[in-house]
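Spelled out from the first residue to the last, the chains are:
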Amino acid sequence: MTEIKLKQVRKAYGNVEVIHGIDLTVDSGEFVVFVGPSGCGKSTLLRIIAGLEEITSGNVEIDGDVVNNVTASDRGLAMVFQSYALYPHMSVYKNMAFGLENTKMPKAEIEKRVRDAGALLQITELLARKPKALSGGQRQRVAIGRAIVRDPKAFLFDEPLSNLDAELRVTMRKELAALHTKIGGTMIYVTHDQTEAMTLADKIVVLQGGSVEQIGRPLDLYNAPSNVFVAGFIGSPRMNLMSAEVEQSAQGGICLVSGAHRIDLPEIAGVAPGDTVTFGVRPEHILVTDRDNADVSVTVEFSEQLGGQTYLYCSGGGLDDLTVHQMGQMKTEKGDTLHLALDRTKMHLFGADGAVIVNGIT
Amino acid sequence: MVPVPIKGAGTNADPNRVGPMPDTDANASLSEKLTALLAVPVVLFFRLFEIPFRAVQRVGGIKAMPYVFLLPNLAFFGVFVVLPLFINFAFSLSGGTNIFLSDRVYTGTEQYEFLFDCANYLDPQTCREDRFWKAIFNTATFVFIQVTCLVILSLVTALILNRKIRARGFFRAVFFFPVLLSPVVVALIWKWILLRDGILNAFLVSIGLDRILFFVSPEWAMFWAIFVSIWSHMGFYMLILLAGLQAIPPDLYEAAEMDGTSPERVFWKITLPLLWPNMLVVVVLALIKGVQIFDEVFVLTGGGPGTATQFIVQYIYTTGFASRVQNFGLASAASVVLGVVLFALTVAQLAATRRKDDV
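So the protein lines, in turn, are chains A and B.
Count along the first sequence starting at 1, add 985, and that's the number in this note's numbering.
Count along the second sequence starting at 1, add 75, and that's the number in this note's numbering.
Each hint should be verified, as a subset may be incorrect.
[What the hints assert, rightly or not] In silico EDC-like links for lysine to aspartate or glutamate, alpha-carbon gap of 16 Å or less: (1) A:LYS992 with A:ASP1008; (2) B:LYS344 with A:GLU1086; (3) B:LYS239 with A:GLU1038; (4) A:LYS1089 with B:GLU339; (5) A:LYS1316 with A:ASP1338.
Rather than coming from a laboratory, the hints here were simulated on the basis of the structure.
Excised from the complex, chain A in its bound form (with noise of 0.2 Å):
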């Protein structure tokens, strides 16, 4: 079991400066996930960790240790790389026992860890097979079959499942979870796509620009984004963000004008009137109702039906697009007028500065 910690890591190539002094710690048998969109920084910290990349500054801890100035292969650590990397000239079996035989093991524990691994797996009958007589799914299997054998300290994954299908994602994203429960290692794994780390995740890092937005559980980032970066990132689809001016209110509140959109709430320490907020909704938090209760009206662009549940992209009076999810389904079509109202206790107000003002109006 390991536990991993970044204090104050800075990388600069030249003089860009990439990963802007973050601060982080991996639990032992955590399993956490580094999300952000292209370019945030993600897989260069994970490299850091790694030890493929040399920090500027700061320190890598594994297990207490500072290890700042040691190799990659002397760390323990593990990773699975987005295009898997496997040695092409070697046979399935061989690419697993590579590393074990870098390290004089015997060769009856070799070929009993190999086969353990392939037996958890599942790609027994693929040992002797070359990578290119695989399918994409079973390189990937392959791939952490080879992380799996070394019983590393860490197991790092470098986007491994972007090269599959949809479908295969979603397969090996629950066998990825089951593994995790099954060997209980401290994982770190990278990816852009929220989905993968909502369901993954015991902890999300979400980055942007080589800083940390916001660190937490799952249910919490969703929940209480700390600012309009993660409220937008979290989620899918995505929340709904406005921009609004705020207003003093005739009933002695406060009110949000957005367009020709006037939405009344209470006082709400640190908002006054005069200020640029934003404010965010997530689509399943918009109710459908009549015009007497309804915060803002507008028109159905489109809908999606799926079946269970309607999603339906709207636009009118100043918002160009305002997503609303219902379950079930709902006979709507282009034009339709919508009268909807907001759920207060589920609204998100943010500062002119991005940073969030309050999750959930009472």
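Since chain A is already given, all that's left is putting chain B on it; use the hints.
Same frame as chain A, but now just chain B:
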């Protein structure tokens, strides 16, 4: 020369060209018109070709056209390569000094028997044509040492130049540069360095050593023959190996590093196996080139001292053209022997490249 299409050149029909700047538009169409006008004679010239080709196509049909286009090249290849090959074989079965085949005496396999008449094949002195066997032994020695050193040096250079070192592009160019030089120029440059009063001897004298007569000692002559040919050809093989090295995905090295692999093991277990197809090509090409060695060494040492650096191609050349008695038959027979060896090596090379495609 490709005829410039004149279609639509005079009109200004292209809707994409309609822009806010009518000035440029008018200019463009004017230059287009000019180009079209200039192209007219070119187009007419190429139209001329259509007349015979149409006639040919009417006779042979569309399926015959590829052969019509291949014919000029095939004829050239046939006259200057294939035909001489057969003539050479015919010469090797004849004797005498006459140049025209019709004047020559048919001798059957006599020339071959003469070449292969040896008491002991391992000792050239016991052979009737000892110069031929000496040339074969010299060539074998040369090829063995030269190819071994060449491949190892090319590999080492490629490995170094594949790393992130300073001025990598410059060094790659430097190592490749001798390949661009004519073999004669290479030999002359080194001759000036190695002569009795050459630069190297001047240097030896200046540091207080005796001068060495490189072209008088058989061992030194062979050494420099090998050295110069390695120097001039290494860049080419280095380039093939460098291309092979760069085709190995960097991920594999990172995976190996994560697997805790030592650098030596990475080389033997990952780099070398993945470079193997390129290595095979390099080895076989170097072998073929090595067996054919002639021009550099001929200019550098003239085959001497004595016959110490006389190789098989030089033997053929001397026997056929440079002796007082021009023995075409014997030279042709020796050529056929050399041809058989080269054919075997070429087959090996083709087999090696085919395996490369499999991987």
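Hints broken by the structure, by number, lowest first?
Result: hint 5 breaks, nothing else.
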